[in-house]
Amino acid sequence: MEGLGLALARRFSQLQGGELTFWPGFSHGPHITLLLPPAVPALEPGVEPGPTTALVLLACDRPPLIEQIHRGLQGSRYRLILARSTPDLMALWQRLSPSYVLLHPDSLPESLGAIPAPLLAAGSLTQILCLEDEPTAAPEGAIVRVGIDHISSQILKILDQLWPFSAISSAQAALGEMTLLLLHLPNNRATDRATDGAASAPSTTLSPVLRAWLQHYRCRLLQVDDLEQAKVLSRVWQPSAIILEGGLTPTFLQTLAQWPTLIKQRLIALGSPPEVEAVAAELGIVICPQVLQAPPHLGAMALIQAVRAEPPGAF
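The sequence shown finishes on residue 314 if you use numbering that gives the first Met the number 0, and the numbering steps up by one all the way, no holes.
Since the hints were made in silico from the structure, they are not lab data. Predicted, not measured: the structure shown is a model, and the values here were computed from it. Each residue gets a CB set at the ideal place from its N, CA and C atoms; glycine is no exception. Possibly wrong hints are sitting among the right ones.
Unchecked claim - Quick list of simulated restraints, FRET-style, between CB atoms:
| id | residue 1 | residue 2 | range |
| --- | --- | --- | --- |
| 1 | H149 | V231 | 57 to 67 Å |
| 2 | S84 | R219 | 53 to 63 Å |
| 3 | D148 | R94 | 44 to 54 Å |
| 4 | P108 | T260 | 56 to 66 Å |
| 5 | Q153 | L33 | 18 to 28 Å |
| 6 | P259 | S75 | 50 to 60 Å |
| 7 | L95 | Q228 | 34 to 44 Å |
| 8 | P259 | S206 | 47 to 57 Å |
| 9 | L95 | Q73 | 14 to 24 Å |
| 10 | T52 | D148 | 19 to 29 Å |
| 11 | P259 | Q93 | 35 to 45 Å |
| 12 | Q237 | Q160 | 27 to 37 Å |
Let the hints inform the model, and build the full structure from the sequences given.
Here it is in structure tokens:
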């Protein structure tokens, strides 16, 4: 009956966008982690919110090590959720998009001591820490390798040093306020189907929650509905970037190419069908689908990073 209750509770949590994990192997008794979807942050002008909670996904099947990490993170901003196998790790990672993944490959028989390839391709949206008995040098641009000796007393300090929100906040403070011009693309699907014979990509726009997180990171958001408005507001506000909301189409790109003042701006699209990617690249448009694929707080950080990155070909 207890197992049935946990299964029903987990399913209910998942239906609400959360998760529940159960680990019976602790010396002091079983451990249950219940995750619920985060609320939209309060964004009162001039008021800084409290510390943000970060999700840490621990992939490990060694009870003593799990208990050490759990003890080291108690009372902190970090919420710990457990995966006891590689399939569980990948399922939870894809669904919850944690800020950190603590991976102990040697205790996961399916991993054969290796790091799953999708994790290596996660980029900057997930910080991966590989727990090793004797840490080795990490491959260039890959992951952080951490020794498990004294991990209970060190894990909090390690995560704080890698805390992505403080890094973004520091960068934003150095830049001052960032202005983003949101250009809502016209619906050219019918025209493009008739002239090009191909369906355009589905509309991609920033959700209200994602916009709230951008404002939390001190981004001023301005909305326009056509290129003429974009030209005027770009001259007045000098935005850091123009965000193209909606699917790119050949018709829109042909029109955009006739506006040299806008082409000189940093242009970022949230998605693009394959057939127009080459043309978009010629116009200097940066495609960032990860902004919408990640949870809102991480998607906002990904967009800020894309805005601040050096343009392609810059020296």
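Here is what the structure says about each hint:
| no. | hint | verdict |
| --- | --- | --- |
| 1 | H149 to V231: 57 to 67 Å | 59 Å, holds |
| 2 | S84 to R219: 53 to 63 Å | 45 Å, violated |
| 3 | D148 to R94: 44 to 54 Å | 32 Å, violated |
| 4 | P108 to T260: 56 to 66 Å | 59 Å, holds |
| 5 | Q153 to L33: 18 to 28 Å | 27 Å, holds |
| 6 | P259 to S75: 50 to 60 Å | 51 Å, holds |
| 7 | L95 to Q228: 34 to 44 Å | 38 Å, holds |
| 8 | P259 to S206: 47 to 57 Å | 32 Å, violated |
| 9 | L95 to Q73: 14 to 24 Å | 20 Å, holds |
| 10 | T52 to D148: 19 to 29 Å | 28 Å, holds |
| 11 | P259 to Q93: 35 to 45 Å | 42 Å, holds |
| 12 | Q237 to Q160: 27 to 37 Å | 35 Å, holds |
Consistency note: the structure conflicts with the earlier hints numbered 2, 3, 8.
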